[in-house]
Every structure is written in structure tokens, then in C-alpha cells.
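Asks: For this one, chain A is given, so just place chain B on it according to the hints.
In order, the protein sequence lines correspond to chains A and B. Counting in the numbering used here, the first sequence runs from 1 upward without gaps. Counting in the numbering used here, the second sequence runs from 677 upward without gaps.
Note that these hints are calculated values from the structure, not bench results. Treat each hint with caution, since some may be false.
Stated by the list, open to error - A short, non-exhaustive set of chain B residues, derived as facing chain A with CB atoms under 7 Å:
#: 1; residue: 709
#: 2; residue: 731
#: 3; residue: 732
#: 4; residue: 736
#: 5; residue: 737
#: 6; residue: 758
#: 7; residue: 761
#: 8; residue: 765
Unchecked claim - Computed list of chain A residues with no C-beta within reach of chain B, every gap over 12 Å:
#: 9; residue: 233
#: 10; residue: 473
#: 11; residue: 577
We put the CB at the ideal spot given by N, CA and C, even for glycine.
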Amino acid sequence: MAEKIGVYVCHCGSNIAGKVDVEDIAKWAGENLDDVAVSRDYKFMCSSLGQQMIEEDIKKEKLTRVVVGACSPHLHEKTFRRACSNAGMNPYLMDLTNIREHCSWVHKDRAQATEKARALISAAVQRVKYQEPLEPMFVDVNPATLVIGGGIAGLQAALELADAGYHVYLVERMPSIGGHMAQFDKTFPTLDCSACILTPKMSEAGQHENITLLTYAELEEVSGSVGSFKVKIRQKARCVDYDACTGCGICVEKCPRKVLDTEFEAGMGNRKAIYMPFPQAVPRVPVIDQDSCIWFERQKCRACEKLCPTDAIKFDQQDELIDIEVGNIIIATGWKPFDSKKIPQYGYGRLANVYTSMEFERLCNAAGPTNGKIVMRDGKTVPKSIAIVHCVGSRDDRHNPYCSGVCCMASLKFGHLVLEKTDAEVYSFYIDMRTNQKNYEEFYQRLLGEGMRFVRGKVSEVTDAARMPTEQGKLIVQCEDTLIGRQQRYPVDMVILMGALEPQEDARELGLKCGISCSMDGWYTERHPKLDPVATMTDGVFVAGTCQGPKDIPASVAQGAAAAARVAGMITKGRVMIEPIVATINEQACSGCKICNNMCPYNAIEFLEDPGVSRVITALCKGCGTCVAACPAGVITGAHFNNKQIFSEIEGILWDALQPADDSSPQAEPVPASAS
Amino acid sequence: MSEQVFEPKIVGFLCNWCSYRAADLAGSARITHAPNIRIVRVMCSGRVDPSFVMKAFSLGADAVMIAGCHPGECHYIEQNYKAMRRFHMLRQTLKAMGVEEQRIQLVWASAAEGQQLAEAIDKMVEEVRELGPLGWSGNWEENGERIQALEDIVKEHEEAMEVTA
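Chain A on its own, in the form it takes in the complex:
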């Protein structure tokens, strides 16, 4: 039976009509394309009147298919699907072809743009004939949520959801939640004590009836999809009985093995082999670091076990795999600091008094290794001058092209702390000062007033090779002051390198497990950079905080709360719609070659041993269609993008290429380049 197709070409005001002869195309489609029963043009198809016109035609003219030539399907596909649906037509029998973004907006010549639009309409008409009615699928949403990362963004997300009455599994890789914020002394620009504002949130999360805290644990595996993810968590062996431990700390006190703490203290202080990263750690359950514990090294000691009043030390504890089921996942895995050794000319690791920003955070932290005294590596000399080098590894094509966003403000904070605690002079070597959030510029002005000195230029070298007597025993910062256009040498006692924020080492790996991707820089890709910075391309997986890109604390908190709001919305709704764009295998015709099995990154194709054929697990299929293209027997069908539909679309899109050579269209019979 022939289809009755309605073709609707939109003017979009003058957006399309300005470059494309829409009236002519509508007329042409009605007269020349097979099966077209109605063909109209209209000022604004997406307006309620435009939609009404389509709905009425479907009812009156008994249309079986609809083609709309307007804007991108990413914009109005849903609108026109809804209109068709309202008129009783299956929404998947509509095709929206893009004659605005892909045509009228980007081509200069009216005749050529019109020809292209004609081809696109022709393609849609050919394609739509073979489109099939599809039914969207719905799945129930499990009200529990997994939050990966217990930094400030993850904490905020977890608390929002828990307070709303939903259960949250909060997974943290380190022995305590808190993240980088726990390491800081003060926060800019308010100079709040970082720990004072963070720890209440940490203990709230630790005690919340709706939060299951899984610290010293990592994500192992994710399967399933939005609404019902199945997650495996590896609980690493703490060697301490979580329930029996009271957190008294005797074990830590008595442990004879001291090691350098490269994590929490950023290498500035020591910890024991059994340790809690910091006094306010949540949970207050220590961890035995098996790499440095004397017992694991040579089966001696066991001091902690002997002295533990509750017999909580368990040397034979093993990693444990915990299975949980959740409806949504929020990823808030944060960042890692740039390795400043990658820029050898700045001398980090070679020149003692060159510090990274994280080291300096610990140095000026009242709970840090020097109790907040700003002293040099010898542990007693107070520096008389300090240089702060901006953009170490950021805004640098050799390392990271992006701006890390927070370093300008952090260096102002450092400047303030140094000026407050010492009589040292502070120089800030910047490329551009970026202080574009609330009260940030005011803080900059304040530091200008406090006497911090600013030198505009990128530091070329930090060296201890003195050229003049005044440089003896100093670190010399070589920099072109671009405001006066001169190379300058600044002898100082201490240098702080403001290293870039970088994605976590295993960000890509974790992304793969959750089915989300990273940008070239390694930050997680959000669904839309402007309008949907929280969701990802995988339904049910959200991102929050710096794992999505460098940002400061308020932005991380906001994004954590936003992710929680999105998840809460999904839970409240109770079920979620899934596009029925999936692959199906004709099991009768399948030869069981298993080629498709390996094509699927979601393991959505299972092989049934008994009949010896493959089958698509619809709930796992995301509809990419790679298996469809790979099947040597051609027995896999990709819904809404099947071979027949695409072949017809190609046929339609090249309608004019098959016209006789004497056609007067401008594309007709060209001169071969080889012709002389």
C-alpha cells in the first residue's frame, strides 16, 4: 500500500526562507515526489499554529507519514513527534530534516542552498516511507543512588539526596571522605577555615541514616542501565574491623613505622603505617598501609594488634566485593595536581625551596606539619621573599592548554597568608589575573592594597646560579616583565609553583566503566556544555565537581547539588523513558559467527549456546548500530536506522545525480578535470 506523506517546509521567519526558496520546494515536492499527498510551507512550523496544521492534515488527509524540513532534530524532533502523536500517528513515522543549520545558515548562494534543501527533503521523503512505528520503553528507577568520590562535590550531592529521603552509597577511594578541600587551610576569598566549613558536612554524611559510606573502596564494575544499574564495589582491606574499631587512635600512636605522607600531607609530613589521614577523618577507622607495615614486610611487630582494646586489628582481612543496585550514578572524582617535575626549568625536586601549591597549602595549614608556620625546607628559616609562579602546566600547549581557573585566586590567598604571617615580600608572576566570580575581584584589590607585588609575564626559569652578589644563596626567578618589556631577575627565598588541575589518572578508565567519555584534556564530557553541564551522554550517569573541568569550591558545590536535583527528579518520576532505538537479531537467520558479540562495548549481545545464535539484550543496547554494520549475514536490524531506511535516504539525497545529463540544473554534467 502506498504511503500518504505530508511534507512541511518551514520558513523559520527569514532564517530558512532568506536563503532557500521554500515555497518552490514545497510545490516541487507535492508535484514530483512519489506518495506525497500534502506539501505545504509555513512561517513557523514549530509554532502552535504550525503544529496544528500538521495535526489537522494527519486527521483529515489520513496521512501515514510526515516529513518536516526545518531545523536540527536536536532542537525540534521532540516537538514534531509530539504533534504527530497528538494526531494519533506513531511519532517515529515522522522525519525532521535539517535545512536550517545544515543549509540556509551556512550557504551563501540562494540557488545552491535551495538545491541542497531540495535534496534533503527528497531524502527525508524516501526515508520516511520505510520508517517503522516504534514504542518507547519505560523502566522503573531504583531510588538508591551511587555517588563516586567523597570530595566536596560528592558530599554535597550525597547529602542533598539523603536529606530528601533517598538512599545513597558514597564511595571514596581514600581512607576518609573530604577530598582536596580537607587539605586546604583557608578558602578564598572569604578566608573561611576550610576544615571548619567542611568537617560538619563530613560528619553529617558519616552519620546520616540514608548514607552508606564506603571509604577505602573503589568502583570495580558497572552493568545495567539507567534506572537499574548493578555495581560492584571493591572494599579494599583496611586490616581493621570497621565495626569493632572505636577510633581511639592507640594503634596509630604506638605504631613504630613512620613513612612520608605523600597523599594528605603532599609529602610535607609523616604518618604511621597504620593511620587516619587527618584528625577529623570520617570514618574514624584507621587503615593499615600494607606496603609499609612491618608485619606485612617481615612478619614482625603486631604492636597495634596487641594494644588494640577492642581486638579490631585483622591482619588477614581480604579485599571484599560488594554488590549494590542503584538507579543513578553521580561521578564526582575530582582532580589531581600537575606534576611540577615535568617543567625542569622551574627546579621543583631539584631546588629545595621550590614548592608546589599543595605543599604550600599544608605548610600554612595550622594543622599541618609546621603548625602553620611558613618556614623553608630547613624547618626554621622564615623566608624574606616569596615568588608565586602562575600557570604551571596550565595555559601551556606543552602540557595543558586550558586555564585551571582557581590558581589566580589561590595565589592571592597565599599572598594574603604570607603577608599576614611573615614580613616577607610576595611577588606574583601572572599571565592574566582571572578573578571573575563574586567577590573575587574585590579580593584582588585588597591584595593590591596589602602590598602583594604583581609582575606580568611567564617565568622562564628558576635557578640558584647567582650572577650578582645580591643573588648569592637565593633562588632567582627569571621573567620578562611584559608591562615594561624587559627581562628581569628576581632573587627570592622561596618559590611556589601554582600547578594545574589535571584529571585523575584513571578518569578514562572509570568513564569507560560507567559508559561516559572524556574530552581531549581528560575531563568528563557533559551532555551539553551550556545547557546541560550535569548530565552525560549516558542516561542515569551525572557528573559533578572538578572531574568535569577545573572549578572552585562554590561551583563544585553547586554542581553537586544540581546533580542531586536531577537524580531526585528521576526518582520522583519513578520511571524513565528509553528511546526504542535498539538492534535486534533475526535469530532464525543468525549463523552464530559471534562477530557482533565482540563489537558491542556494552556486552549487550549474548551468545545462546543451545540454538547457537546471538541475541541482543534490549535493556543494555544503546543503539549505536555498529553490530548492524558488522553482521556479515545482514541479519541484525537497527531500529530507526535500518539499511532500507538509510539506502532510501541516500537514494533521495542523490535524486538529482541520476537525472539525465541534459537537465538544466547547475550541477548537471560537469567538465572532467582532465579535459584540456
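Replies: This is chain B only, laid out in the frame that chain A set:
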């Protein structure tokens, strides 16, 4: 008299998530580019079956562009790598059939790279313009030489068959 410029017809298979959006972005940012490309949307570059490309050539396309997300940024995790493998085999096969390399191109464009995609399109159009039409499409009847060549081949083939029989 026949100084008319050759306007190649290029069919573009663009993935829904990155390159199709890049083309959308080129639109909203009004980045003008050659009108010679006609875009077919697929969910993933991994969906592009080599037969789509052959079909396009056989129906008169002068060139085909396949565009997807950058390696490592695929919406479907890694399917663009599969597109890449297929692309290289296809290009190799087409080369053996005498189709110039420039007529089948693989382009990576993220959703933010409207400018890059537009540039890639313009570059491809110029390259194909240089090559001239592929001429795989119908119109055999009108080309006496081609018909003659075909008939010769058939005749040779028949003769060869007779000898062996």
C-alpha cells in the same frame, strides 16, 4: 563554452552526537562552507556500513565523508575505532577499484568543532573538484564509449568461456 565549474556531490555520514552537532554548531555560528555536502545522520560512525558508501558512489556521489567523535570521545565508548578500521579497509578496496583516496575521507569533529568540520568540508570539496566527477552513476546508455567498453569485456569473457568449454 564548457568552462562551468564542477560542483561535486558529497554524501556525509555524520554521527548523531559529535559531528552532526558540529555541523549544527557551524550552522548556529553561521560558519559558511561549501553546499556540496549532503548529510545523512547515523547514530554512530560505527553504523556506517561500507555498502552505504558503495551505494552513494553508485548513485552518483563523487565523494563520501564519514565523520565521528574524536578517538577516545565516542558516545558509544569506542565504536569510532571500529569505524576507523572499516574505513581503512574500505579505502584500500576502493583504491584497488581505481577510486582516488580523497573521495573517501574520515573526519573527527567534536560537538564543539563546527569551524573544523566546515574547514574539512571545504577542503574536501576542493580536492574532489580537482579530481573531477567519479561518474559511477547510471547514464550508461548515454555514454557510447562506456557501453562499447562493457560490450568488449563481455565479448572477451564469452570467448574465453568458449575456449575452456
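Asks: Are there hints from earlier that the structure breaks, and if so, what are their numbers?
Replies: 7 and 8
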